[in-house]
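With the sequences and hints as input, model every part of the structure.
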Amino acid sequence: MRRIRAAAAGAVTVSMLTAVTACGGGSSTGGGSNDSPKTLTYWASNQGASIEVDKKVLQPELDKFEKQTGIKVKLEVVPWSDLLNRILTATTSGQGPDVLNIGNTWSASLQATGALLPWDAKNFDKIGGKDRFVDSALGSTGAQGKDPAAVPLYSMAYALYYNKKMFADAGISNPPATWDELIADGKKLSKGGKWGLGAEGSNVSENIHHAFVFAKQHGADFFTADGKPDFTNSGVVAAVKQYVDLMAKDKIIAPGNAEYAQNQSVSDFAKGKNAMLLWQSASANLTSQGMKADAYGIAPVPVQSGTPGTGTNVNSMVAGINLAVFKNTDNLDGATKFVKFMTSDGEQKILNTAYSSIPPVKAAQADTTFNTSANAVLKDTLAGSAAALPQVADESQFETTVGTAVKDLFADAAAGRAVTTASVKAKLEKAQQQMPKK
Amino acid sequence: MTTTTASAESGERTVRKDSPGAARGPRRTGRLKRIGLPYLLLLPALVLELLVHLVPMVIGIVMSFKELTQFYIRDWGTAPWSGLDNYRVSVDFDAPVGEALLHSFLVTVGFTLLSVGLCWLIGTAAAIYMQDTFRGRGLLRALFLIPYALPVYAAVITWVFMFQHDNGLVNHVLHDQLHLGDKPAFWLIGGNSFYALLTVSVWKGWPFAFLIVMAGLQNIPGELYEAAALDGAGMWQQIRRITLPSLRPVNQVLILVLFLWTFNDFNTPFVLFGRTAPEAADLISVHIYQASFVTWNFGTGSAMSVLLLLFLLVVTGVYLALTSRGRRTADV
Chain A
1 MRRIRAAAAG AVTVSMLTAV TACGGGSSTG GGSNDSPKTL TYWASNQGAS
51 IEVDKKVLQP ELDKFEKQTG IKVKLEVVPW SDLLNRILTA TTSGQGPDVL
101 NIGNTWSASL QATGALLPWD AKNFDKIGGK DRFVDSALGS TGAQGKDPAA
151 VPLYSMAYAL YYNKKMFADA GISNPPATWD ELIADGKKLS KGGKWGLGAE
201 GSNVSENIHH AFVFAKQHGA DFFTADGKPD FTNSGVVAAV KQYVDLMAKD
251 KIIAPGNAEY AQNQSVSDFA KGKNAMLLWQ SASANLTSQG MKADAYGIAP
301 VPVQSGTPGT GTNVNSMVAG INLAVFKNTD NLDGATKFVK FMTSDGEQKI
351 LNTAYSSIPP VKAAQADTTF NTSANAVLKD TLAGSAAALP QVADESQFET
401 TVGTAVKDLF ADAAAGRAVT TASVKAKLEK AQQQMPKK
Chain B
1 MTTTTASAES GERTVRKDSP GAARGPRRTG RLKRIGLPYL LLLPALVLEL
51 LVHLVPMVIG IVMSFKELTQ FYIRDWGTAP WSGLDNYRVS VDFDAPVGEA
101 LLHSFLVTVG FTLLSVGLCW LIGTAAAIYM QDTFRGRGLL RALFLIPYAL
151 PVYAAVITWV FMFQHDNGLV NHVLHDQLHL GDKPAFWLIG GNSFYALLTV
201 SVWKGWPFAF LIVMAGLQNI PGELYEAAAL DGAGMWQQIR RITLPSLRPV
251 NQVLILVLFL WTFNDFNTPF VLFGRTAPEA ADLISVHIYQ ASFVTWNFGT
301 GSAMSVLLLL FLLVVTGVYL ALTSRGRRTA DV
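Top line first, the protein sequences correspond to chains A and B. Just so we're aligned, residue 1 is where the first sequence starts under full-length UniProt numbering, counting upward by one. Just so we're aligned, residue 1 is where the second sequence starts under full-length UniProt numbering, counting upward by one.
To be clear, the hints were calculated from the coordinates, so they are not data collected in a lab. Heads up, some of the hints might be wrong.
Computed spacing ranges between beta-carbons, pair by pair [unchecked claim]:
id	chain 1	residue 1	chain 2	residue 2	range
1	A	Thr232	B	Thr316	39 to 47 Å
2	A	Thr39	B	Val314	46 to 54 Å
3	B	Val173	A	Lys38	58 to 66 Å
4	A	Lys187	B	Val173	31 to 39 Å
5	B	Leu178	A	Lys191	25 to 33 Å
No farther apart than 27 Å at their CA atoms in a straight line, the calculated lysine-lysine pairs in the DSSO-like style are these [to be verified]:
id	chain 1	residue 1	chain 2	residue 2
6	A	Lys126	A	Lys349
7	A	Lys337	A	Lys74
8	A	Lys362	A	Lys122
9	A	Lys188	B	Lys183
10	A	Lys273	B	Lys183
11	A	Lys251	A	Lys271
12	A	Lys292	A	Lys187
13	B	Lys183	A	Lys251
14	A	Lys122	A	Lys64
15	A	Lys292	A	Lys188
16	B	Lys183	A	Lys194
17	A	Lys55	A	Lys72
18	A	Lys38	A	Lys126
19	A	Lys38	A	Lys67
20	A	Lys55	A	Lys349
21	A	Lys165	A	Lys191
22	A	Lys187	B	Lys183
23	A	Lys188	A	Lys165
24	B	Lys183	A	Lys249
25	A	Lys271	B	Lys183
26	A	Lys146	A	Lys340
27	A	Lys194	A	Lys251
28	A	Lys130	A	Lys146
29	A	Lys191	B	Lys183
The beta carbon of each residue, even a glycine, is placed where N, CA and C say it ideally should be.
See the structure below:
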């Protein structure tokens with residue numbers, strides 16, 4: 001009897017303790033502190049061909065940081081499919097990493113949650129000042145008129161990757177510079193089970209990136225100047241239709257691409273199934289898939305006419321990764337030091353070389369490593385013809401709703417249903433209705 | 001542990017019998033102890049149940065009355081109360097959000113009815129066929145249970161590969177070998193996605209029905225069949241007059257459990273289609289997930305969850321009331 005009572009009491013105590021500890025998690029309202037100055041947790045996004053590759057790239061650098069500062073950095077590479085959810089969960093619970101990577105297009109959305117440390121002049125001074133960074137990259141760090149929610153870490157831009165041998169076999173001497181040329185070339189290349197262009201029809205983010213650039217080229221925007229969604233204006237409708245028509249009307253994208261969402265189009269390109277691919281900083285990925293660097297060429301993404309530039313000749317979004325500090329970190333000084341380390345000229349060279357991206361830090365970008373012809377295209381695009389995605393608080397909702405609309409349109413195109421101006425407009429209207437009302 | 005209790009209790013009983021004039025106090029505390037012990041033993045489970053199920057549920061219900069968007073998730077306390085707004089948005093079937101929810105609800109109802117029906121039919125048929133002993137029965141039984149035993153993610157991801165348009169096994173068999181249709185179909189996007197989802201759901205769910213019905217069949221005495229056979233009943237009549245009525249209590253629970261599982265299934269559609277399911281296969285669990293996590297509006301998502309909870313409670317209540325009344329009249 002006594003034994004039972006003791007056991008029961010023990011069990012109750014244990015369960016009570018669990019209850020207490022579970023409830024007493026973290027304070028979700030607290031600001032930063034310096035309670036644990038010797039450790040940092042870092043969530044890195046998946047930049048390399050795999051998570052293992054990322055660990056191999058980053059660990060030596062983190063060891064270097066530990067040697068310099070005595071701060072141990074615990075690394076976790078979070079896959080893209082989980083990253084935003086993980087950040088949201090961390091925001092809600094207040095239990096998150098100290099430093100983290102965010103897709104730069106999420107900056108304004110995450111800024112609105114108030115979970116990230118604002119980079120005011122004082123904080124920027126701690127890492128060497130705001131003017132160390134390239135302007136286009138800073139344009140994608142948060143809503144206009146607010147202190148940035150993050151600092152740029154890697155910059156990327158879209159480019160047209162083309163298979164040199166397939167182009168030569170089809171008698172095409174130069175990569176296309178306009179969409180008309182791309183379609184004409186694509187038709188020559190789409191035969192015998194091979195296709196002109198690859199696409200990720202079910203990947204909502206990819207869809208958004210392309211829809212955004214096409215909209216720019218039609219002189220249109222997805223949001224009005226005061227930040228209201230405006231998805232059904234004629235320019236946007238024409239832009240989305242032009243993109244989906246590459247499969248629906250021009251038939252230079254394989255219908256099967258409509259269900260691609262896991263970078264299958266990159267594999268297809270590496271295997272020579274597609275002759276062209278519109279991708280951001282694909283070199284490292286292609287190398288890891290066994291495609292040699294001299295097998296493909298890199299050209300700017302086509303425009304409607306003329307050459308890439310600003311306004312309607314924009315041909316890429318400002319793609320990239322930002323580095324943010326979680327506001328209620330318990331090692332604020334260490335986190336700032338870590339950001340300084342990661343954005344230092346030396347680290348920027350090492351990391352951006354490993355990921356075939358472009359350093360958003362001016363001094364590092366000027367290094368000769370980034371002057372190869374491949375990087376020149378990306379650098380020129382970023383400097384002259386890339387535009388930042390709308391920096392509005394509803395950006396991630398916009399990505400989901402419009403990205404899904406484009407996904408549905410690709411599904412229609414793949415199934416052989418007509419994609420018309422009316423059907424595009426209807427889908428975009430539905431997307432707009434799903435946006436949060438304020 | 002059980003033996004200790006038994007001996008302790010019998011010990012107490014002997015004491016009482018031996019001394020009928022024992023003081024009242026100790027007896028009462030003894031009774032208290034006896035009554036209290038089960039509750040004490042239940043307490044840990046109760047506390048954990050509270051923590052794991054009830055508290056989150058209550059928090060979810062509270063959330064449904066708040067405007068919990070991205071601007072407030074960092075500090076829930078600051079989210080303004082929105083009264084019934086979230087519910088109003090969810091059930092306004094003329095507006096896009098409510099219309100989408102209704103569509104998703106109807107898709108889910110259709111899907112659940114088909115899936116549960118097919119699971120039950122296949123499971124019961126298989127169980128009846130496997131009732132007679134024959135060589136290899138054990139092997140077949142084990143084989144049938146594999147889909148149920150496999151981890152959901154591994155199994156569904158395999159289906160994703162099989163349903164792929166270009167390299168999938170399904171299109172290879174249907175189109176390349178059987179030459180059905182003039183071009184390969186899409187299974188993971190567009191209208192066919194409903195059938196893809198149904199296929200995976202039935203494939204995954206029927207072994208459970210098989211298992212339960214098989215267990216239920218063991219309780220039907222063989223004499224009943226023998227007597228029926230002597231009276232000249234054929235196989236169909238035996239199934240209709242003996243097997244199914246005898247399985248009634250088993251089926252009652254089985255169908256309810258299958259219904260709840262299928263209606264709430266999140267893993268299958270999520271692994272099959274990802275964060276945004278095609279319209280034709282937009283099951284309510286994924287729809288609610290999308291309403292809360294993808295658009296970051298946890299208030300509306302919670303309101304939809306509460307509505308779903310109410311619906312399932314009503315269905316379960318009505319179902320239990322109807323079936324048990326039926327049984328009571330049958331008993332009389």
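Results of checking the hints against the structure:
1. The hinted range of 39 to 47 Å is satisfied by A:Thr232 and B:Thr316, whose Cβ atoms lie roughly 43 Å apart.
2. Range check, A:Thr39 to B:Val314: about 51 Å between beta-carbon atoms, so the 46 to 54 Å window is met.
3. Distance hint check for B:Val173 and A:Lys38: the Cβ-Cβ separation is about 59 Å, which falls inside the suggested range of 58 to 66 Å.
4. One distance hint, 31 to 39 Å for the beta-carbon pair A:Lys187 and B:Val173, holds here, with the actual separation near 32 Å.
5. Between B:Leu178 and A:Lys191, the C-beta spacing of about 27 Å keeps the proposed range 25 to 33 Å intact.
6. Simply put, A:Lys126 and A:Lys349 have alpha-carbon atoms about 20 Å apart, close enough for the 27 Å limit, and the pair holds.
7. A C-alpha spacing of about 15 Å is found between A:Lys337 and A:Lys74, which places the hinted pair at or below 27 Å, so the restraint holds.
8. Simply put, A:Lys362 and A:Lys122 have alpha-carbon atoms about 20 Å apart, close enough for the 27 Å limit, and the pair holds.
9. With a C-alpha separation of about 23 Å, the suggested pairing of A:Lys188 with B:Lys183 holds against the 27 Å cut-off.
10. With a CA separation close to 19 Å, the supplied pair A:Lys273 and B:Lys183 stays within the 27 Å bound.
11. Taken as a hint, the A:Lys251 and A:Lys271 pair is honoured in the structure, with Cα atoms around 20 Å apart against an allowance of 27 Å.
12. With a C-alpha separation of about 25 Å, the suggested pairing of A:Lys292 with A:Lys187 holds against the 27 Å cut-off.
13. The suggested pairing of B:Lys183 with A:Lys251 holds, with an alpha-carbon distance near 15 Å, which does not exceed 27 Å.
14. At most 27 Å may separate the alpha-carbon atoms for a hinted pair to count; A:Lys122 and A:Lys64 meet this at roughly 26 Å.
15. Of the pairs offered as hints, the one joining A:Lys292 and A:Lys188 holds, with about 24 Å between alpha carbons and a cut-off of 27 Å not exceeded.
16. Distance hint between B:Lys183 and A:Lys194 is fulfilled; the C-alpha atoms sit about 17 Å from each other, no more than 27 Å.
17. A threshold of 27 Å between alpha carbons decides the hint, and for A:Lys55 with A:Lys72 the separation of about 15 Å falls inside it, so the pair holds.
18. For the proposed pair A:Lys38 and A:Lys126, the alpha carbon gap of about 19 Å is at most 27 Å, so the pair holds.
19. As the CA atoms of A:Lys38 and A:Lys67 are separated by approximately 12 Å, the hinted pair is consistent with the 27 Å bound.
20. For the given pair, A:Lys55 sits about 17 Å from A:Lys349 by alpha-carbon distance, which is consistent with the 27 Å threshold.
21. Proximity of A:Lys165 to A:Lys191 is assessed by CA-CA distance (about 15 Å); at most 27 Å being required, the pair is judged to hold.
22. Among the hinted pairs, A:Lys187 with B:Lys183 is consistent with the structure: their alpha-carbon atoms are about 21 Å apart, no more than 27 Å.
23. A distance of roughly 14 Å separates the Cα atoms of A:Lys188 and A:Lys165; the hinted pair therefore holds under the 27 Å criterion.
24. Taken as a hint, the B:Lys183 and A:Lys249 pair is honoured in the structure, with Cα atoms around 18 Å apart against an allowance of 27 Å.
25. Distance hint between A:Lys271 and B:Lys183 is fulfilled; the C-alpha atoms sit about 24 Å from each other, no more than 27 Å.
26. As the CA atoms of A:Lys146 and A:Lys340 are separated by approximately 21 Å, the hinted pair is consistent with the 27 Å bound.
27. For the given pair, A:Lys194 sits about 12 Å from A:Lys251 by alpha-carbon distance, which is consistent with the 27 Å threshold.
28. Pair hint A:Lys130 plus A:Lys146 holds up; C-alpha atoms about 14 Å apart against a cutoff of 27 Å.
29. For the given pair, A:Lys191 sits about 17 Å from B:Lys183 by alpha-carbon distance, which is consistent with the 27 Å threshold.
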